[in-house]
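K.L.:
Spelled out from the first residue to the last, the chains are:
There are 2 protein chains.
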Amino acid sequence: MSITTIPDIVVGRLPIYLRALNFLAAEGREITSSQELGDRLGISSAQIRKDLSHFGEFGKQGTGYDIAFLREQLQRILQIDQIWDVALVGAGDLGHALAHYGGFAGRGFRIVAVFDNDPAKIGQNLANLVIQDNQSLGSVVLAQGIRVALIATPASGAQSVADILVNSGVKAILNYAPITLTVPHGVRVQYIDPVVHLQRMTFYL
Amino acid sequence: MSITTIPDIVVGRLPIYLRALNFLAAEGREITSSQELGDRLGISSAQIRKDLSHFGEFGKQGTGYDIAFLREQLQRILQIDQIWDVALVGAGDLGHALAHYGGFAGRGFRIVAVFDNDPAKIGQNLANLVIQDNQSLGSVVLAQGIRVALIATPASGAQSVADILVNSGVKAILNYAPITLTVPHGVRVQYIDPVVHLQRMTFYL
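Quick mapping for you: the protein sequence lines, in order, are chains P and S. According to the working numbering, the residues represented by the first sequence are 1 to 205, in order. According to the working numbering, the residues represented by the second sequence are 1 to 205, in order.
Calculated directly from the structure, the hints in this document are not laboratory data. Just to be clear, a hint being listed does not mean it is correct.
Since the list can't tell identical chains apart, any single copy or any two copies may satisfy a pair.
List of simulated lysine-lysine pairs, DSBU-like, C-alpha gap at most 35 Å [said to hold, decoys possible]: (1) 50 / 121; (2) 60 / 121; (3) 50 / 60; (4) 121 / 171.
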């Protein structure tokens, strides 16, 4: 299969499937079905089977999916069968929350460097890391070969941070700042926007 | 149209369309097309037209969408042509970040009450609100008729907070705690999970 033939929206559902499989595994389950996954996720079982069929044949008609096997396959497809080093830019409230977030471990990511431009924060410890000066962001990211970054700065500083990250080799940015970033082709940006999730729910109220 | 006939996955895309329209409007644009929206969002123009067709006829063949009109219609459909009062539970790093988040204003939501169970935090000010004791969560939510809540507590406390919220009339919960909540039918939960976004990008690295 070629990456370019897979719709991005399908790729976007794979982590959701993986998370559901993780939950099932944590419950001690070994086998599941597209029907059960679909019920849990609010996605049709046909959609799930179709999505997975882009990548191979993971279940048997009538016996469902082996959870451990499908987890491994999804981890491989998503390239999180390795650990990605992550740079965190912004050591404010949100940066602190992210540095202490327990959800990265075991899911493919670890924060290895934290940056801020506030002299009062630079040199302080945060979650076993020393907060570094934004001035050294580019050189550190380059030297450590970091390709994934979290932007947790105010909106006003986010684009210039993104520019430095991109120029230093970062290819994937998760942006919490409430602005749209401009990045060159080949660099991916995802946005964390709580309002999008809230609006999805008020539809039903 | 009946709410039950619209797939949830379609509903989930409407806030994304609305955000893109907001960006276009901020750029001073008045007209757009499903093609342009699709290019910006990585969604096919056919999908966008099909999604919107569930709710009515918003564009004219050959002339595209009037951005102001389509924004209004999406706001009406998503029921954010009103302001929803929101309770924030958890006044730690993440709670502080959310209380100060500039993205709620003008998009249908305002945080009107903040709660924590830490005696050192209760009574302190946070973004012009006084942090209240979790003990009064149920009574305040009930008295103020709050139906939307953000959970920004540690994982260990999130389910009991959700139970209180649900028993007090909350129907929509945005959960930042890294656990799956159990809620009764008729209550919606969405999750903020940065790892899902990161995994979606590592696929391409």
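K.L.:
State the violated hints by number, sorted upward, taking the hints as numbered earlier in the document.
P.N.:
1, 2
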